[in-house]
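Undergrad: Sequence:
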Amino acid sequence: MSWVTRTIRNVWKLGIRDSVYQLATLGDTKVGVLVGVDSYGNKYYQNYEEELPLRNRWVIYKNFYGDAAEIEPGWHSWMSYATDNVPSSSVIPNTGYHKWGKNIGYNPTQTRGAYKPYNTVRPKIATWDPQVAERG
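In this text, residue positions in the sequence shown follow my numbering: the first is 17, and each later residue adds one.
A few of these clues could be false.
What the hints assert, rightly or not - Estimated spans, in silico, between C-beta atoms of each pair:
no.	residue 1	residue 2	range
1	Asn135	Lys29	54 to 60 Å
2	Leu42	Asp145	55 to 61 Å
3	Pro133	Ala40	30 to 36 Å
4	Ser104	Val20	35 to 41 Å
5	Gly129	Val20	39 to 45 Å
FYI, nobody ran anything at the bench for these hints, they're computed from the structure. Bear in mind the structure is a predicted one, so any value in this text is a computation, not a measurement. Every residue gets a Cβ at the ideal spot worked out from N, C-alpha and C, and that includes glycine.
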């Protein structure tokens with residue numbers, strides 16, 4: 017089946033709004049069963065009948081510019097096929113993810129909040145400072 021036929025069929029099932037959103041974020045239209053929602057509000061889907069192997073689980077992020085850092089460890093193991101068990105919201109895996117109660121939120125790379133290292137070592141080459149003598 018061609019990608020045109022598949023896309024038209026998925027637009028018919030999803031609707032125009034959701035199809036355009038999936039094309040903008042995923043680059044493809046996919047129809048599947050909602051498996052669960054995590055604490056960030058991300059929605060996890062699967063479809064074993066129509067999708068190719070290892071492409072049958074996907075996430076729709078809550079915000080438009082979703083980041084993989086917003087996927088919780090239990091859902092990450094499910095997305096990467098490490099486990100087939102869907103994580104429940106009542107059981108948080110013991111990974112130290114919520115150890116300090118810190119909400120990671122987003123990846124700050126290329127923003128003002130990004131980590132910027134600084135140098136603590138003296139430079140090996142000193143800059144030239146000219147000494148001008150008085151002419152007599």
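Undergrad: Provide an ascending list of the numbers of those earlier hints which the structure does not satisfy.
TA: none
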